[in-house]
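> With the hints as your guide, set chain B onto chain A.
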Amino acid sequence: GAVVSQHPSWVICKSGTSVKIECRSLDFQATTMFWYRQFPKQSLMLMATSNEGSKATYEQGVEKDKFLINHASLTLSTLTVTSAHPEDSSFYICSAPRAGGGSYGYTFGSGTRLTVV
Amino acid sequence: QKEVEQNSGPLSVPEGAIASLNCTYSDRVSQSFFWYRQYSGKSPELIMSIYSNGDKEDGRFTAQLNKASQYVSLLIRDSQPSDSATYLCAASDSWGKLQFGAGTQVVVTP
Numbered sequence: 001g002a003v004v005s006q007h008p009s010w011v012i013c014k015s016g017t018s019v020k021i022e023c024r025s026l027d028f029q030a031t032t033m034f035w036y037r038q039f040p041k042q043s044l045m046l047m048a049t050s051n052e053g054s055k056a057t058y059e060q061g062v063e064k065d066k067f068l069i070n071h072a073s074l075t076l077s078t079l080t081v082t083s084a085h086p087e088d089s090s091f092y093i094c095s096a097p098r099a100g101g102g103s104y105g106y107t108f109g110s111g112t113r114l115t116v117v
Numbered sequence: 118q119k120e121v122e123q124n125s126g127p128l129s130v131p132e133g134a135i136a137s138l139n140c141t142y143s144d145r146v147s148q149s150f151f152w153y154r155q156y157s158g159k160s161p162e163l164i165m166s167i168y169s170n171g172d173k174e175d176g177r178f179t180a181q182l183n184k185a186s187q188y189v190s191l192l193i194r195d196s197q198p199s200d201s202a203t204y205l206c207a208a209s210d211s212w213g214k215l216q217f218g219a220g221t222q223v224v225v226t227p
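Chains as they are written, first to last, in our numbering: chain A, 1 to 117; chain B, 118 to 227.
Here chain B stands alone, though its shape is the one from the complex:
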């Protein structure tokens, strides 16, 4: 079992709609959780970090963490074409190592 799992997509979302991304994780990586956005050929850039159960909102992005279900999600509201990218879910273990999921490709269609 991979430590961080997410659907690879692609997830096609109409412009202006909500994109919903999901991620599950194993017991070994249960410290901190992050969502990164990666454009093709570029390094990942941090969108959201979340450490405790519940929701965290930042602009058009909302991260949700449910530790009992070992589940973390990301909602992108009012999706824009510039949101088209690969979204990486990541979780850190007790040594601070960051493990990544396979990434979900999001395509926002005009």
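Here chain A stands alone, though its shape is the one from the complex:
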């Protein structure tokens, strides 16, 4: 149980275009979703936290106008990278707490490899 489905698994886009990444909780309700970014040979860096029905909160240094997050339902959270540039190329991963604010662990999506050319 507690599966998060993330799509697409990889995407190549042209510089200046926008890309949407979706994360769906398949067998549980995810009121919260965390979005991470991982550059090669680096660890996961928390970008933002999305909460169903409210505005996302962003970590320091993350541009909220560039990384649009929408959490419209209890099973779907999306991250849109707007006006993508090559430096946005990275591995993006979503994660949701299984229950009790994460006290029972977190489940991760399979990740999206974004390449901006």
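Warning: the hint list may mix true and false statements.
[Unchecked claim] To give an idea of the chain A side of the interface with chain B (calculated C-beta under 10 Å), a few residues:
| no. | residue |
| --- | --- |
| 1 | 28 |
| 2 | 36 |
| 3 | 43 |
| 4 | 49 |
| 5 | 52 |
| 6 | 106 |
| 7 | 111 |
| 8 | 113 |
These aren't lab readings, by the way, just hints derived from the structure by calculation. Quick reminder that beta carbons are idealized off the backbone N, C-alpha and C, glycines included.
Okay, now just chain B, sitting in the frame of chain A:
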């Protein structure tokens, strides 16, 4: 100071030996603690979670938590080549946000 710190490695371990991974954390992330394994290009997968002081064993893995020293460790017994991966230490804060260490690369040599 980073909230979760761990040596980046690589940690080279002979097959069949014990791999020992260490992690320290700050006061801000002191709720729950996790060890994840990540293969190159893949998403992290949970190995162990630990919430209270002491040891927790699951198969070949043992996690140890010492809250007084703000220290959490992971032992991998009888290391196998398939254990070669990056191991991420993670801790959650009071808001449930999970913060990760830099990861320790483990290389199990036949």
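> Each hint needs a verdict: does it hold in this structure or not?
Against the structure, the hints come out as follows:
1. For residue 28 of chain A, the interface hint is violated, since its Cβ never comes within 10 Å of a Cβ in chain B; the closest pair sits about 15 Å apart.
2. The restraint placing residue 36 of chain A at the interface with chain B holds, with a minimum CB-CB distance near 8 Å, inside the 10 Å limit.
3. The beta carbon of residue 43 of chain A comes within 5 Å of a beta carbon in chain B, closer than 10 Å, and the hint placing it at the interface holds.
4. Taken as an interface hint, residue 49 of chain A checks out: its beta carbon lies about 6 Å from the nearest beta carbon of chain B, inside 10 Å.
5. Of the supplied interface hints, the one on residue 52 of chain A is violated, with its beta-carbon coming no nearer than about 14 Å to a beta-carbon of chain B, more than 10 Å.
6. For residue 106 of chain A, the suggested interface contact is upheld, since its CB lies about 6 Å from the closest CB of chain B, less than 10 Å.
7. Restraint check, residue 111 of chain A versus chain B: the minimum CB separation of about 4 Å is within 10 Å; hint holds.
8. At about 7 Å, the closest approach between the beta carbon of residue 113 of chain A and any beta carbon in chain B falls short of 10 Å, and the interface hint on this residue holds.
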